[in-house]
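Peer 1: The sequence shown begins at 1 in our numbering and counts up one residue at a time.
These are calculated hints, taken from the structure and not from any lab test.
Heads up, a few of these hints could be off.
In silico lysine-lysine, BS3-like type, Cα no more than 25 Å apart, as pairs [to be verified]:
hint : residue 1 : residue 2
1    : Lys-164   : Lys-205
2    : Lys-6     : Lys-16
3    : Lys-228   : Lys-164
4    : Lys-182   : Lys-162
5    : Lys-201   : Lys-164
6    : Lys-162   : Lys-205
7    : Lys-205   : Lys-228
8    : Lys-228   : Lys-8
9    : Lys-182   : Lys-164
10   : Lys-228   : Lys-16
11   : Lys-162   : Lys-201
Pairwise CB distance ranges (calculated) [to be verified]:
hint : residue 1 : residue 2 : range
12   : Gly-14    : Pro-65    : 41 to 49 Å
13   : Val-105   : Val-171   : 43 to 51 Å
14   : Glu-45    : Ile-87    : 17 to 25 Å
15   : Asn-82    : Pro-11    : 40 to 48 Å
16   : Lys-162   : Gln-67    : 19 to 27 Å
17   : Lys-162   : Val-7     : 32 to 40 Å
18   : Pro-84    : Ser-220   : 34 to 42 Å
19   : Glu-41    : Lys-6     : 33 to 41 Å
20   : Asn-161   : Asp-95    : 19 to 27 Å
21   : Lys-228   : Gln-67    : 34 to 42 Å
All C-beta atoms, glycine included, are put in the ideal place defined by N, C-alpha and C.
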Amino acid sequence: MHRILKVKTIPQIGPKCTGSVIVLHGAGGSGPSLRSWWISELGREVQFEHLRVLFPTAVPIHYTPAQLLWHAWIDRVDTDINAPEIIPSIDDAVDSLTQLIDLEVDRGIPLNRIIIGGFSMGGTVALHIGYRSRRAVAGVFAMSSFLNHNSILYSHLDEYNKNKDEQQQHVRLPPLFQSHGKTDVTVHYDWGRETYAQLTKRQVKGEFMSVADCEHELHSEVLHRLDKWITSILPPL
1 MHRILKVKTI
11 PQIGPKCTGS
21 VIVLHGAGGS
31 GPSLRSWWIS
41 ELGREVQFEH
51 LRVLFPTAVP
61 IHYTPAQLLW
71 HAWIDRVDTD
81 INAPEIIPSI
91 DDAVDSLTQL
101 IDLEVDRGIP
111 LNRIIIGGFS
121 MGGTVALHIG
131 YRSRRAVAGV
141 FAMSSFLNHN
151 SILYSHLDEY
161 NKNKDEQQQH
171 VRLPPLFQSH
181 GKTDVTVHYD
191 WGRETYAQLT
201 KRQVKGEFMS
211 VADCEHELHS
221 EVLHRLDKWI
231 TSILPPL
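Based on the provided sequences and hints, a complete structural model is requested.
Peer 2: Here it is, written out as structure tokens:
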């Protein structure tokens, strides 16, 4: 897990953990800072009766768009939907975070009781994991996130759907919760809409929440709806 510096874990409220939610921060952020921001918008701790919540922090890497050493999951040529992806960087992040998921499985949480998601870059990486390396997870969420034009993830999904045999036709990809602020000038709203359209065209089912007067930020309405979505996907056992 060489891309993960540390993990902040919020335990379940009740006596038994029956699922996990992994939340990935954006470029330049950290697990603790995202958790604090989330608490300030939600008005309470990011905590569930039966689920633990993990906030990993990425190790610092040279992040090309900022020309700085940043806590970032992946490097980018540019923060633009038309820019090419740096695929080895994406692969490294996917491998490291997949190992984190596998550690949760080793702790007794089945893949179908794990949700992964994130904000901005964190949501982008969560999409790559949930629809590429661990398609058996319970769900994926992405807030203010996008995939590049001609993303390698689209190619992986095309190949996956093409090669499914008759016995696999009923197997569904993880449900998606995606949200985006209409006034986001960092990751444009249209980029998020296009990402959602490209994924749903490839048999991903989910919902897209548009938020008026919301920039590149966490939003209380989104977090309250996401909270309900998480518990609908991972109800108490």
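Peer 1: Which of the listed hints are broken here?
Peer 2: As far as the earlier hints go, 3, 4, 9, 13, 14, 16 and 19 are violated by this structure, in ascending order.
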